[in-house]
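Q: Okay, here's what each chain looks like letter by letter:
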Amino acid sequence: MPPDYLDDAELADGAVLWHSINPRHIKDDELNVSSTSYSTDGLSVYVIDETTAAALAAKFPGWPFQWFTAGVARAVGCIVCKEPDDDGDTSHRAVRRASDPPAQLRGEAKRIRNAAKWIHHDDVPEPQPPSPLTPE
Amino acid sequence: MTSVLSSANGTMTQLVRGAWEAEAYRHTLALKDLPDNWDRPRSSKPTRQAINSALTFIERVAALDLVVLSTPFVAPMSHGGVQLEWEHGQRQLDVELLPDGTARFVISDAGNVGEGDLGFFSASDVEALFGWLAATP
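Those sequence lines, one after another, are chains G and F. 8 is the number that our numbering gives to position 8 of the first sequence; each next residue is one higher, with no gaps. 51 is the number that our numbering gives to position 51 of the second sequence; each next residue is one higher, with no gaps.
Rather than coming from a laboratory, the hints here were simulated on the basis of the structure. Worth double-checking, as some hints may not be accurate.
[As the list claims (entries may be wrong)] Distance condition first, Cα-Cα at most 35 Å in a straight line; then the derived DSBU-like pairs of lysine-lysine:
| # | chain 1 | residue 1 | chain 2 | residue 2 |
| --- | --- | --- | --- | --- |
| 1 | G | 59 | F | 32 |
| 2 | G | 59 | G | 82 |
| 3 | F | 45 | G | 117 |
| 4 | G | 117 | G | 59 |
| 5 | G | 27 | G | 117 |
| 6 | G | 59 | F | 45 |
| 7 | F | 45 | G | 27 |
| 8 | G | 59 | G | 27 |
| 9 | F | 45 | F | 32 |
| 10 | G | 82 | G | 27 |
| 11 | F | 45 | G | 82 |
| 12 | F | 32 | G | 27 |
| 13 | G | 117 | F | 32 |
| 14 | G | 82 | G | 117 |
Chain F extracted, bound-state conformation (with noise of 0.2 Å):
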């Protein structure tokens, strides 16, 4: 289906493949409004490379089509990053789009917490993410 997003500030029209995916793009985009000082003194609002990056990020996770997945929470950063969060079971994957556009992770299975940085991330990175977090009852 074809959904168009838009925002103060903008719109896109995105193909997409289900409702949690419009709704993902729809909370990102959203970020654009954010004034500066947001959160608190000196907080900025997301930069446009990691509104780009989250929603380049959240196109390749719809890309894998795993249908255990529901919305992710979106949330602004006070550094200008933008945060995107699924949860699976106990499993939990932050993935943190940074102000230049790289990414990095948090994963969480029951209490055990890891992390690690993707950089400028690829299809098998999202991939092999998603593979983590969608192995669990």
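Just chain G, same shape as in the assembly (with noise of 0.2 Å):
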């Protein structure tokens, strides 16, 4: 049977939701990011109320994080769903497309990271630029 895909009710639209950047995907010297990161089937993201910056560190090691409300991700036409990661980690949801959960954010990717902003805490790695391509 396929999953039920819920909204997590009990989940505020003020709400503070933490995003992994990997840092392929900062674009440029002004720190913009890839919609790629947010293109995801089921977008990863931790409930910050739900666990600490350092504990989100020791996940992705050396990656800077964004933030964005579950009040976003709803006004876009996403449900916040209730997913542990694969550490059981219960803080964790999976942003996903109301109409459509399963599928892969395309839209609603970049509305949420036009939304999305960088976060600046002593636990976590500050953005930096992309590093040039080597010339050949």
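Mind docking these for me? Both chains are given alone in their own frames, and the hints should help you get the complex.
A: Below is the structure:
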């Protein structure tokens, strides 16, 4: 049976969600992020009130983080599903298309990316501009 | 001009029209050297079909010879695809080359977002998308 994907009704719209950013997806010196980072099937986020910055930094060594609220995800047509990560971490959620939960986020990814902001916190790395390809 | 492009897994020689095109090929070819799990657990490196499709897409864009274009951002996707991102003014065009080589896109203009599927894209698909992108000051 396919899984039932339900919005976490107990999670307030104001809940802050952290998303780790692969440094490969930082586009330029202005630290703009590619929508690729948000364009997945089940966007991986953590409710920061249910975990700590240090715990998340340990899961994604060297990666910076961005944040947005659950309300932002819902406003662009997504649901926020309670899905523990591979470590069984229950602070993890997956942001999914409300109309087609297993599908990859596309336009929604861009809208969430546009609303997301960098996290500046002592326990997580600061975002860095991309390093150029080595000339041949 | 002719540009010789190489990565750890191969070399190609390609006639290019300008600097942005050569740079885009180079960034795309570099994706061949990514390991699996380069992103999150169970992520895949870009497939050969996705990379070849991205190279073809870049070639078709360059053939339009639009002076307003700059180098696209070339990003690997965790499912084995490749994304090419262009910006012009307030308009943005993201083209996703899927692991099977088909394409789809997301366009954005001052916060308005739309999306569509191209399948195995044609030169006229590329021309239509870039006509839209370039038609802004």
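Q: Which hints, by number, does the structure contradict?
A: No numbers; nothing is violated.
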